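Visitor: All chains, full assembly: derive it from the sequences and hints.
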Amino acid sequence: MFNSFASSIPTDCIKINQSAAVPNPDPLVLFPARAMKKRYFIVPMLALLCFVPGCLEFYGYPVTGVEFSPDSFTLREFSYWRSPFTGSVRSKRFLTPVDPKCDSLITLNLIPASGTTNPRWDLVSESLQTSKILSGDFDARFLTIFLNHTTDQWNRNNVEKAEILWPEVATLARERLYLQLPTLFHFAIDSPEEWSNEEFEEQLKRELAKAWFSGAQITADRVKTHTQSIHNDTDNGDRLDGTLGEASVADATRFLDKAIELDPQYRNRDVLLLEVPIN
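In this note's numbering, the protein residues as written are 81 to 359.
Bear in mind the hints are in silico, worked out from the structure with no lab data behind them. Treat the numbers as computed from the prediction; the structure is a model and nothing was measured. Some clues are possibly wrong.
[Unchecked claim] With beta-carbon atoms standing in for the labels, derived distance ranges:
| hint | residue 1 | residue 2 | range |
| --- | --- | --- | --- |
| 1 | Ala-330 | Glu-243 | 45 to 55 Å |
| 2 | Glu-273 | Ser-207 | 20 to 30 Å |
| 3 | Asn-237 | Glu-278 | 17 to 27 Å |
| 4 | Trp-275 | Gly-195 | 25 to 35 Å |
| 5 | Thr-263 | Arg-349 | 11 to 21 Å |
| 6 | Lys-181 | Asn-348 | 18 to 28 Å |
| 7 | Phe-158 | Arg-349 | 21 to 31 Å |
| 8 | Lys-172 | Pro-344 | 47 to 57 Å |
| 9 | Arg-349 | Gln-233 | 17 to 27 Å |
| 10 | Asn-277 | Asn-348 | 27 to 37 Å |
Just so you know, even glycine gets a beta-carbon here, dropped at the ideal spot from N, CA and C.
Guide: What follows is the structure in structure tokens.
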């Protein structure tokens, strides 16, 4: 009788009741060994993710680069360890002198003394720099690329002209006007050999006047940009206070005076600089 009653129940009802009575189980419940393996995998990964940043913060990572001193005309490499998160230095600075590959500057005594006992060092390169576009902090590279064998040979072959050129180069470098130096180097190296020292010096004065005036314009433009940022209350503007702005205007005016001294034609262009806002 029981068999006949069971056979009378529709098969689709049996399927529905069976599916409702037995839910889909969690594989991790049915297979606890698999759950343990998953936990064993997560824990080491979490520990590793915490360990690596901790080591970087504690020990830091290496930063290397090259610096140039316009006071002594020497190069040096530096290295130190720095935290990638807080930016704090984790080691002392290690310094190594670098051969500039232009020995004639020393042997011919072409660079005048700066008169300072604390030489300034300007950046040439740094491994911390990730952008392909370098900031003005690395402008010294526009001078150091000419400290090479070609320039060294030109100095030795044109000693008297080199004695005229290099003191002017040193003066511009000490004023941080590195951007104007490539033009001077190309002028000197490409100058005709038949020029006398007087002709060379006269043409050099014109190039120097251009360099000083260009430096005055660039300095004035930077002041205008920063002072406008201050008025607009932007992050970049906060980095420049009024004192620094006044100092930069004084530099621009001084550069312009040097340009006028070398070439009076720049006297009529001072209006470009006198309109720089301060407050």
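Visitor: Where does the structure disagree with the numbered hints, that is, which hint numbers, in rising order?
Guide: Numbers 1, 2, 6, 7 and 9, in rising order.
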